[in-house]
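Enquirer: Okay, so the sequence shown: first residue is 1 according to the UniProt record's numbering, each after it adds one.
Simulated from the structure, these hints should not be mistaken for lab results.
Check each hint, because a few of them may be wrong.
[Said to hold, decoys possible] Taking lysine-lysine and the DSSO-like style, the derived pairs with C-alpha atoms no more than 27 Å apart in a straight line are:
no., residue 1, residue 2
1, 193, 258
2, 442, 424
3, 467, 429
4, 424, 293
5, 293, 500
6, 477, 467
7, 248, 424
8, 215, 193
9, 260, 246
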Amino acid sequence: MKLKKQLSLISLLMGTFISVMDTTIVNIALPEMLTDFSCTLSQVAWVATGYTLAFAVMLVGASKLADHFGRKKAFIFGLGLFIFTSFLACISGSIEMLITVRVIQGLSAAFIVPVTMPIALEIVPDEKKGMIIGIWGAFSGLAATLGPVLGGLLTENFNWQSIFFINIPLGLIAIIFAAIFITESYDNSANKKVDYIGMLILSGALFCLTFGFAKVSDLGWTSSTFLVFMSVSMLLLIFFFYIESKIKYPMVPLSMLKVKTFTFSSLTLFMQGLGLTSGTLIITLLLTNVMGKTELEAGLIVSVLALSSMFTSVLSGKLSDKLGGALFSSLGMMGLTITTYLYGYIRYDSPISLVIVLLCISGLALGLIIGPAMGSGIRLIPKEKIGIASGILNMMRTVGQAVGIAVLTSVLTTSINHDVDAAKKEAVKIIEDNTVFDDIAKTEIIARLHESDTFDQEKTIKELNQKEEELLSKTPKQYKDKVKESFKKQKEQIIILQNKIAELYNEKISDSFNFTFKIGSIILVIGIIFSLFSDISPRKLRMKQTKTSSL
Numbered sequence: 001m002k003l004k005k006q007l008s009l010i011s012l013l014m015g016t017f018i019s020v021m022d023t024t025i026v027n028i029a030l031p032e033m034l035t036d037f038s039c040t041l042s043q044v045a046w047v048a049t050g051y052t053l054a055f056a057v058m059l060v061g062a063s064k065l066a067d068h069f070g071r072k073k074a075f076i077f078g079l080g081l082f083i084f085t086s087f088l089a090c091i092s093g094s095i096e097m098l099i100t101v102r103v104i105q106g107l108s109a110a111f112i113v114p115v116t117m118p119i120a121l122e123i124v125p126d127e128k129k130g131m132i133i134g135i136w137g138a139f140s141g142l143a144a145t146l147g148p149v150l151g152g153l154l155t156e157n158f159n160w161q162s163i164f165f166i167n168i169p170l171g172l173i174a175i176i177f178a179a180i181f182i183t184e185s186y187d188n189s190a191n192k193k194v195d196y197i198g199m200l201i202l203s204g205a206l207f208c209l210t211f212g213f214a215k216v217s218d219l220g221w222t223s224s225t226f227l228v229f230m231s232v233s234m235l236l237l238i239f240f241f242y243i244e245s246k247i248k249y250p251m252v253p254l255s256m257l258k259v260k261t262f263t264f265s266s267l268t269l270f271m272q273g274l275g276l277t278s279g280t281l282i283i284t285l286l287l288t289n290v291m292g293k294t295e296l297e298a299g300l301i302v303s304v305l306a307l308s309s310m311f312t313s314v315l316s317g318k319l320s321d322k323l324g325g326a327l328f329s330s331l332g333m334m335g336l337t338i339t340t341y342l343y344g345y346i347r348y349d350s351p352i353s354l355v356i357v358l359l360c361i362s363g364l365a366l367g368l369i370i371g372p373a374m375g376s377g378i379r380l381i382p383k384e385k386i387g388i389a390s391g392i393l394n395m396m397r398t399v400g401q402a403v404g405i406a407v408l409t410s411v412l413t414t415s416i417n418h419d420v421d422a423a424k425k426e427a428v429k430i431i432e433d434n435t436v437f438d439d440i441a442k443t444e445i446i447a448r449l450h451e452s453d454t455f456d457q458e459k460t461i462k463e464l465n466q467k468e469e470e471l472l473s474k475t476p477k478q479y480k481d482k483v484k485e486s487f488k489k490q491k492e493q494i495i496i497l498q499n500k501i502a503e504l505y506n507e508k509i510s511d512s513f514n515f516t517f518k519i520g521s522i523i524l525v526i527g528i529i530f531s532l533f534s535d536i537s538p539r540k541l542r543m544k545q546t547k548t549s550s551l
């Protein structure tokens, strides 16, 4: 019996791992796809965006369908479709086919992730539920962060197709274990009539919301397209809550939103998703674009965040049942806020050891949030409603990541544009104040600087060599040494200028990243407030349970 439970849990964790991993594993392989398909960057970006978008949109709807028709059936269906779409992704002959497959794959993942927790909680005894939630949180964090590392290793040693192929054997093991060892479970309190209208309206609202935030970096915050998507999303959400309040058997029981611990845990996980962006995406951009690391090196460095989160995730999940989830969630949010602020002091020439230490602390902080917040969110929810609650909690995390990417990349892009313009003005002044170059040379260098934000040192020196040869051929012998000395000084100045301007740009772009991290830390303060109300104290919970049992 014990072995059956263990194999059931392995199946659930493997299903969660491959589903969450696929949100990030493709990122590092996008350049290879760009070359293979000869497509545009905006097209290939949808290989990643399409999956995340479909996943976020379908999470709550899939949870409700699973509650009605069976969570085991939903899990096996999701895994089967996930494996099939992974195979189709491997043999995709066009970017359009790959994007379509990835969207379907995202929909299939939405049937896997939210049902894993309610199934797992059915398997284990009450005293081990906190630990299982902690392990689930650790695996989710590990999968998301190890995605780029595994993607880099597979792409570098094989090809981009291998990042999808790896899902097939892992998925098959999970589906076999699930079919044999997992026991079916339902929401027995639910009416068998499915609220398809509510599901459709909520899916439409989530689509407009996540799609709008996914495109805001390209469109801009004031663009009419973005504002239309946000407006439609808000209107659909209002309509959804109105419909749900009127019908007899709603898709999402609105009474759940009256449970303070569920509401504040959802908001805490939203902020955690937003905060994760700074620890993964923005740090990765800093490592690759400013600190000179390759994508694979950056992935390996960032992976320490996931590895460190595993320690606190399991521990906090286990202890949160005894000490209360709010204690751990608030400590985690404080740690995440502080480390995000400290990221704001990393410069282009900072030691990598500093980045690794801060990522480790961020990981420890994240591990304190995920398990306890998930546990707090479902603690006062009726057992039969844990499935839909899990779907909403996961949806909040995913939407939080989408919002985080939109907000922080927008702040970073705006800041870089401003700081690069300032750097360009300072660079022009450095060139104009130079006493070695004549006015013609200065004009050429400044023109080249305006074209590409820097100037090509090798090309400039090559042109100087050509000019030197031409001038020497026309210069009398007694003046040739003076001409050579003049050009030698100019070449030396080119190298000095190149280094000065490169350092200037690195300083300014470091300023942009520092500013973005500090803005992120200010936003995360809201998450600390949410986390303080995310759980009921253990003493109050015991009193509540005693009162309930005496009725």
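Enquirer: Indicate, hint by hint, whether the structure satisfies it.
Expert: So, going through the hints one by one against the coordinates:
Taking the CA atoms of residue 193 and residue 258, the gap is about 24 Å. The hint holds against a cut of 27 Å. With a C-alpha separation of about 14 Å, the suggested pairing of residue 442 with residue 424 holds against the 27 Å cut-off. Between residue 467 and residue 429 the alpha-carbon distance is near 25 Å, which keeps this suggested pair within the 27 Å criterion. Pair hint residue 424 plus residue 293 holds up; C-alpha atoms about 24 Å apart against a cutoff of 27 Å.
Taking the CA atoms of residue 293 and residue 500, the gap is near 21 Å; set against the 27 Å cutoff, the hint holds. With a C-alpha separation of about 17 Å, the suggested pair residue 477 and residue 467 falls inside the 27 Å cut-off, and the hint holds. Our distance criterion of 27 Å between C-alpha atoms is broken by residue 248 and residue 424, whose separation comes to about 64 Å. For the given pair, residue 215 sits about 36 Å from residue 193 by alpha-carbon distance, which is inconsistent with the 27 Å threshold.
A C-alpha spacing of about 22 Å is found between residue 260 and residue 246, which places the hinted pair at or below 27 Å, so the restraint holds.
Hints 7 and 8 from the list above are not met by this structure, while the remaining hints are.
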